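J.: Sequence:
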Amino acid sequence: MDTKKLRQKILDLAIRGKLVPQNPNDEPASVLIEKIRAEKEQLIKEKKIKRDKNESYIYRSDKSYYEKFADGTVKCIDNEIPFEIPESWEWVRGYSCFNPMESTKPTGNSFRYIDIDAINNKKHKVTNPKTIKIENTPSRATRKLSTGDTLFSMVRPYLKNIAFIDNSLDDCIASTGFYVCKPNNMLFPEFCFNLMTSKYIIDGLNSFMKGDNSPSISNNNILNWLYPIPPFEEQIKIVHNIERYNHFIDEVELNQIDLQKTVNQTKSKILDLAIRGKLVPQDPNDEPASVLLERIKAEHPESKKKAKYTGDNSHYQNLPFEIPENWVWARFQDIFNIIMGQSPSGEYISSDGEYEFHQGKAHFGDKILLSSQTFTSYPTKLAQSHSLLLCVRAPVGDINITNREVCIGRGLCSLKPLNEISLGFAYYWVSYFKNSFVNKATGTTFLAISSETIRNEFIPIPPLKEQMVITQTINSLYTMLNNITVEL
1 MDTKKLRQKI
11 LDLAIRGKLV
21 PQNPNDEPAS
31 VLIEKIRAEK
41 EQLIKEKKIK
51 RDKNESYIYR
61 SDKSYYEKFA
71 DGTVKCIDNE
81 IPFEIPESWE
91 WVRGYSCFNP
101 MESTKPTGNS
111 FRYIDIDAIN
121 NKKHKVTNPK
131 TIKIENTPSR
141 ATRKLSTGDT
151 LFSMVRPYLK
161 NIAFIDNSLD
171 DCIASTGFYV
181 CKPNNMLFPE
191 FCFNLMTSKY
201 IIDGLNSFMK
211 GDNSPSISNN
221 NILNWLYPIP
231 PFEEQIKIVH
241 NIERYNHFID
251 EVELNQIDLQ
261 KTVNQTKSKI
271 LDLAIRGKLV
281 PQDPNDEPAS
291 VLLERIKAEH
301 PESKKKAKYT
311 GDNSHYQNLP
321 FEIPENWVWA
331 RFQDIFNIIM
341 GQSPSGEYIS
351 SDGEYEFHQG
361 KAHFGDKILL
371 SSQTFTSYPT
381 KLAQSHSLLL
391 CVRAPVGDIN
401 ITNREVCIGR
411 GLCSLKPLNE
421 ISLGFAYYWV
431 SYFKNSFVNK
441 ATGTTFLAIS
451 SETIRNEFIP
461 IPPLKEQMVI
471 TQTINSLYTM
481 LNNITVEL
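Going by my numbering, the sequence shown opens with residue 1, and the numbers climb by one from there.
Since the hints were derived computationally from the structure, they do not count as laboratory data. For clarity, every value in this text was computed on a predicted model and none was experimentally measured. Heads up, the beta-carbon is just placed ideally off N, CA and C, and yes, glycines get one too.
Restricting the straight-line Cα-Cα distance to at most 30 Å, the calculated cross-link-like pairs of lysine-lysine (BS3-like) are:
{"hint": "1", "residue 1": "Lys434", "residue 2": "Lys267"}
{"hint": "2", "residue 1": "Lys63", "residue 2": "Lys18"}
{"hint": "3", "residue 1": "Lys465", "residue 2": "Lys434"}
The calculated label-pair distances, taken between Cβ atoms and stated as ranges, are:
{"hint": "4", "residue 1": "Tyr378", "residue 2": "Asn483", "range": "42 to 52 Å"}
{"hint": "5", "residue 1": "Asn25", "residue 2": "Arg140", "range": "39 to 49 Å"}
{"hint": "6", "residue 1": "His240", "residue 2": "Gln265", "range": "31 to 41 Å"}
{"hint": "7", "residue 1": "Thr147", "residue 2": "Thr479", "range": "50 to 60 Å"}
{"hint": "8", "residue 1": "Asn483", "residue 2": "Pro24", "range": "41 to 51 Å"}
{"hint": "9", "residue 1": "Asn54", "residue 2": "Gln8", "range": "26 to 36 Å"}
Required output: the full structure, derived from the provided sequences and hints.
T.: In structure tokens, the structure reads:
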């Protein structure tokens, strides 16, 4: 289950009037809006506030939407209405539902400051307000906050740095990078927050983004946008329902985390059984792995020269575990062509060239290497197509398969299986040794493993036919486990 999409779907239903049933006894939003307009007119008449030349009034007539402006002009805005809302709801501009932002200056010895980095954009919460000494006050620290406000980042709004200000944060000062949505009596504060986190608002405001280095929207983009307003009582019910549904989704996410942990543990157990010869039954008619190993050494004399041990397993000392009789212990250098990476000179690395270049695991996929979009025409070390790429620098032990010839830097080494050993089998077998490589890594600036460590790592080899059966069995079991996590 994609819980992120589910949360957005709930919000989408909520702002369209489809999350909770309409109560005909609720006071329509139009009545509340008219009360607020009448109160403003009285304050203007008493010269306590000035008329906002940008403010307008949206109403329905003859099955169409019209907007009446401060200068008295009227315009049909049917083409601006994004979706239908219930009869008891109304559309308003930001000018009509938000109070003006307020500025302030910090006082005392220090103050708490909220900038973009303070927002957790996954949970839409302020998680890390900074305490700043007064003499180090940033020039952007001027936004005054109050309980019930919603912070909306105007810089890269697609990053969704949005947060609700509760009473634990109302002493903070926010960056001018935020628009502070201060709901007037038309909006229940928590409804305003949920509205601002909806896909309709984020995607809509994002369309106004301008700039290259720090693409942003403006105050006017927010104030001119159309906001759907339900009756006030319905806003409260919507918020309570969203909270209830989100609580259920939180439980699902916790279960997903537990399930994913169980799936990962199960995969590790499957691999552990496989590498010990306990996943599939042995067939006494299979050609013993020792014959396969001798054939590899005969056809690749360079492998035979490098090997320190030959013959049966009795020549090896301190073997990790017992394996079946028809298996054999070898070293990585016996079954792989191993190439340690070396980066070409920086002047030869660019956005085009003959060979794709990979320094480390930055472009590792789930299993298959992705494109780095970085190239060189002067490669130093090339990994052959259908090789394993092993991270030799932190994070040590991660692997991927490359389906093309690529240039590799010092963060990687290439393992090309020799003879009949399949790439799929080698992928699973090498992935088992990640912990072993991590434990053998050394270094102060960053952990790394050497060529010698890789070459001398012990690896158990099953008969060739059993390798195929093991690979098919692991593929089948892993696919089943992956499907379970997808279907939750």
